[in-house]
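2 protein chains.
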Amino acid sequence: MKGYIQVYTGNGKGKTTAAYGVAVRAIGAGMKVCLVQFIKGLHSSEFNTFKKLSDSIDIFQYGEGNFIFNEPSEKDIYKAKKGLERLKAIIASGKYQVVILDEINMAVYLQIISIEDIIDILANRPENLEVILTGRYAHPKIIEMADLVTEMNEIKHYYKKGVLAREGIEK
Amino acid sequence: MKGYIQVYTGNGKGKTTAAYGVAVRAIGAGMKVCLVQFIKGLHSSEFNTFKKLSDSIDIFQYGEGNFIFNEPSEKDIYKAKKGLERLKAIIASGKYQVVILDEINMAVYLQIISIEDIIDILANRPENLEVILTGRYAHPKIIEMADLVTEMNEIKHYYKKGVLAREGIEK
Chain U
4 MKGYIQVYTG NGKGKTTAAY GVAVRAIGAG MKVCLVQFIK GLHSSEFNTF KKLSDSIDIF
64 QYGEGNFIFN EPSEKDIYKA KKGLERLKAI IASGKYQVVI LDEINMAVYL QIISIEDIID
124 ILANRPENLE VILTGRYAHP KIIEMADLVT EMNEIKHYYK KGVLAREGIE K
Chain Y
4 MKGYIQVYTG NGKGKTTAAY GVAVRAIGAG MKVCLVQFIK GLHSSEFNTF KKLSDSIDIF
64 QYGEGNFIFN EPSEKDIYKA KKGLERLKAI IASGKYQVVI LDEINMAVYL QIISIEDIID
124 ILANRPENLE VILTGRYAHP KIIEMADLVT EMNEIKHYYK KGVLAREGIE K
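Sequence order for the protein chains is U and Y. Just so we're aligned, residue 4 is where the first sequence starts under my numbering, counting upward by one. Just so we're aligned, residue 4 is where the second sequence starts under my numbering, counting upward by one.
None of these hints come from the bench; they were simulated from the model. Nothing here was measured: the structure is a model prediction, and the numbers come from that model. Careful: at least some of the hints might be erroneous.
In this list, chains with the same sequence are indistinguishable; a pair is considered to hold if it fits within one copy or across any two.
As the list claims (entries may be wrong) - DSSO-like cross-link-like pairs, simulated, lysine-lysine; straight-line CA separation at most 30 Å: (1) 55 to 164; (2) 164 to 85; (3) 163 to 55; (4) 144 to 54; (5) 164 to 54; (6) 164 to 84; (7) 159 to 54; (8) 84 to 163; (9) 144 to 55; (10) 78 to 159; (11) 163 to 85; (12) 164 to 78; (13) 163 to 54; (14) 55 to 159; (15) 98 to 174; (16) 144 to 164; (17) 159 to 91; (18) 5 to 78; (19) 98 to 55; (20) 35 to 85; (21) 98 to 78; (22) 35 to 163; (23) 174 to 159.
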């Protein structure tokens with residue numbers, strides 16, 4: 004089966020969770036999934052669920068937590084570079100049919116990962132590999148390369164009511 | 004924890020999968036999830052994965068398959084009514100912390116479920132229940148009641164290249 008490039012971008016809730024939903028579907032069809040998270044570095048509830056599915060999904064994190072509102076530190080940049088190296092190895096391994104690059108758009112936007120590196124990886128991926136890229140501010144070159152792009156637009160969000168991230172729902 | 008009403012609507016891919024992603028997260032936090040699917044009546048790959056998580060998620064289907072391009076039949080209407088009855092029992096049971104009403108927006112749009120019935124259910128739900136509604140054409144009254152609304156907009160879709168639904172990715 005030919006693999007495509009899917010992008011979930013925009014300012015609304017549902018980008019990472021949509022990628023998780025594709026993972027759930029792919030696992031159900033016997034595929035192997037790899038989730039590589041950039042930017043994020045925290046344990047989130049979903050990892051407990053993925054642990055139960057660990058024959059089918061591997062997870063790697065290359066972030067220092069949420070620095071969206073700060074300048075990336077040296078350590079952030081170092082981790083992102085490590086993530087990129089690992090990503091190349093993940094793809095070269097041929098072990099996976101779906102690779103999710105969570106928050107990669109944000110990593111490119113913050114310039115801790117270069118757009119050229121990502122384009123190179125996408126252009127040279129195996130034919131049967133589905134790659135899913137999430138995060139705000141998807142680079143125009145990534146949108147151009149992608150086969151499917153959904154923009155999640157925030158129409159209403161309870162954060163604006165002062166609701167904090169809740170365990171099991173947002174984290 | 005107070006439960007909210009989340010809506011995923013719009014014409015882009017990612018509505019149902021975003022709801023699945025929330026399910027994965029909620030399950031990881033020890034919550035019980037109920038997925039009620041309207042319109043759809045087919046087995047989809049994700050059910051194999053949910054089967055492995057069956058201590059934490061129950062699934063009910065009340066559709067006859069994909070009739071989006073046809074008029075709903077008597078049987079569709081009958082099933083939707085049954086689904087609505089079941090939904091009331093599901094909510095009344097107090098067993099779940101998250102209830103996903105997949106394609107409910109479409110069921111309301113097609114008038115096989117009345118907007119009044121849904122509003123009544125949402126308005127009278129227990130305080131701690133998170134309800135997630137998916138599907139195109141979300142009713143303005145549902146958007147008004149919701150705490151979180153994301154519109155998934157299709158920017159690019161490989162269906163337009165003639166790609167059919169692929170097992171493990173779309174079904």
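Comparing the hints with the structure gives:
{"no.": "1", "hint": "55 to 164", "in the structure": "neither (34 Å within a copy, 36 Å between copies)"}
{"no.": "2", "hint": "164 to 85", "in the structure": "neither (38 Å within a copy, 35 Å between copies)"}
{"no.": "3", "hint": "163 to 55", "in the structure": "neither (34 Å within a copy, 36 Å between copies)"}
{"no.": "4", "hint": "144 to 54", "in the structure": "neither (34 Å within a copy, 39 Å between copies)"}
{"no.": "5", "hint": "164 to 54", "in the structure": "neither (33 Å within a copy, 36 Å between copies)"}
{"no.": "6", "hint": "164 to 84", "in the structure": "neither (37 Å within a copy, 34 Å between copies)"}
{"no.": "7", "hint": "159 to 54", "in the structure": "neither (32 Å within a copy, 33 Å between copies)"}
{"no.": "8", "hint": "84 to 163", "in the structure": "neither (34 Å within a copy, 36 Å between copies)"}
{"no.": "9", "hint": "144 to 55", "in the structure": "neither (36 Å within a copy, 39 Å between copies)"}
{"no.": "10", "hint": "78 to 159", "in the structure": "neither (35 Å within a copy, 35 Å between copies)"}
{"no.": "11", "hint": "163 to 85", "in the structure": "neither (35 Å within a copy, 37 Å between copies)"}
{"no.": "12", "hint": "164 to 78", "in the structure": "neither (34 Å within a copy, 42 Å between copies)"}
{"no.": "13", "hint": "163 to 54", "in the structure": "neither (33 Å within a copy, 36 Å between copies)"}
{"no.": "14", "hint": "55 to 159", "in the structure": "neither (33 Å within a copy, 34 Å between copies)"}
{"no.": "15", "hint": "98 to 174", "in the structure": "both (28 Å within a copy, 22 Å between copies)"}
{"no.": "16", "hint": "144 to 164", "in the structure": "between (35 Å within a copy, 19 Å between copies)"}
{"no.": "17", "hint": "159 to 91", "in the structure": "between (38 Å within a copy, 26 Å between copies)"}
{"no.": "18", "hint": "5 to 78", "in the structure": "neither (37 Å within a copy, 37 Å between copies)"}
{"no.": "19", "hint": "98 to 55", "in the structure": "both (19 Å within a copy, 22 Å between copies)"}
{"no.": "20", "hint": "35 to 85", "in the structure": "within (22 Å within a copy, 37 Å between copies)"}
{"no.": "21", "hint": "98 to 78", "in the structure": "within (29 Å within a copy, 44 Å between copies)"}
{"no.": "22", "hint": "35 to 163", "in the structure": "between (38 Å within a copy, 27 Å between copies)"}
{"no.": "23", "hint": "174 to 159", "in the structure": "both (19 Å within a copy, 29 Å between copies)"}
Checked against the numbered hints given earlier, the structure breaks hints 1, 2, 3, 4, 5, 6, 7, 8, 9, 10, 11, 12, 13, 14, 18 and satisfies all the rest.
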